[in-house]
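Build the full structure now, drawing on both the sequences and the hints.
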Amino acid sequence: MTELPTLRESLEQHGLMAKKAFGQHFLLDLNITRKIVRLGGPFDGDTVIEVGPGPGGLTRALLESEAAHVIAVEKDSRFLELLGELNEVFGDRFEVIEGDALKVDEAQLLADRKLSPQAHIVSNLPYNVGTPLLIKWLTGPWRPKSLTLMFQLEVALRVVAPVGDDDYGRLSVISQILCDASKIMDLPARAFTPPPRVDSAVVRLIPKADRPAPAVIKNLEKVTAAAFGQRRKMLRSSLKSLGGEVLLDKAAIDATLRAEQVGPDGFLRLATALS
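When the sequence shown is numbered by the working numbering, its final residue is 1069 and no position is left out of the sequence of numbers.
Derived from the structure by calculation, the hints contain no laboratory data.
A hint or two may mislead.
Unchecked claim - Capping the alpha-carbon separation at 27 Å, the derived lysine-lysine pairs in DSS-like fashion look like this:
#, residue 1, residue 2
1, K869, K829
2, K930, K1016
3, K1044, K1016
Nothing here was measured: the structure is a model prediction, and the numbers come from that model.
As structure tokens, then:
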């Protein structure tokens, strides 16, 4: 790593700045990125997919780890040359791909490179696509081995919120049914360049072995969207279009409850009953 210029020097050499349109806020402190990698690991001998590497602060920390391969997916073509310089030090262990992570087929990406279908996701997620990407990785056909993701703090709190909490909602239910989720690190806005208007946090998610069937997961998305879309209403009203009291009776859920009063297991019963 000593063969490389510092992250700030790299940005200056390439004349690069964060783009607001892409929700970019860079982590240039390698002590922080190394801590994120340490808390998210171990990655011994595994492949790690990183989304939105920007100047490569988190990328460098991943390449210092025991990960066998690091694949970075970057939408902003301005950073491809800068990131490509990492190949001079790390060779075939590192690859950068220009693309939109929302459209990437991770299973095909790994198969094309003859890598194990089990890979980790690690990312300082762009603020404007963090939630859609999480939903894609949670509910899609490809299952990551683990996810270590940085979100703006309010999103991170929604992922890990318990039932009854003010932050408890659709994202909490889906995340906690499909994964064991925990907040592992807080980061103030001043840690980033440029600093965002909000603080951030890192969440680690480990997919559960007993994954519901794909049809149940699709129903889970429908049920949570309807219930939390009208969270002030009783479930017999908010779920009326999906069966209302008949559905609630099948799932053994009190029809007078509101969405924030029903735990993840209750929503899983509703999604199963809808099937």
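Satisfaction of hint between K1016 and K930, Cα-Cα up to 27 Å:
With a Cα-Cα distance of about 15 Å, the restraint between K930 and K1016 holds, given a limit of 27 Å.
Can you confirm whether the C-alpha distance between K1044 and K1016 stays at or below 27 Å?
Distance ~17 Å between K1044 and K1016 Cα, so the pair holds.
Are K869 and K829 close enough, with their CA atoms no more than 27 Å apart?
At roughly 25 Å apart (the allowed maximum being 27 Å), K829 and K869 satisfy the hint.
In terms of the numbered hints stated before, the structure departs from none.
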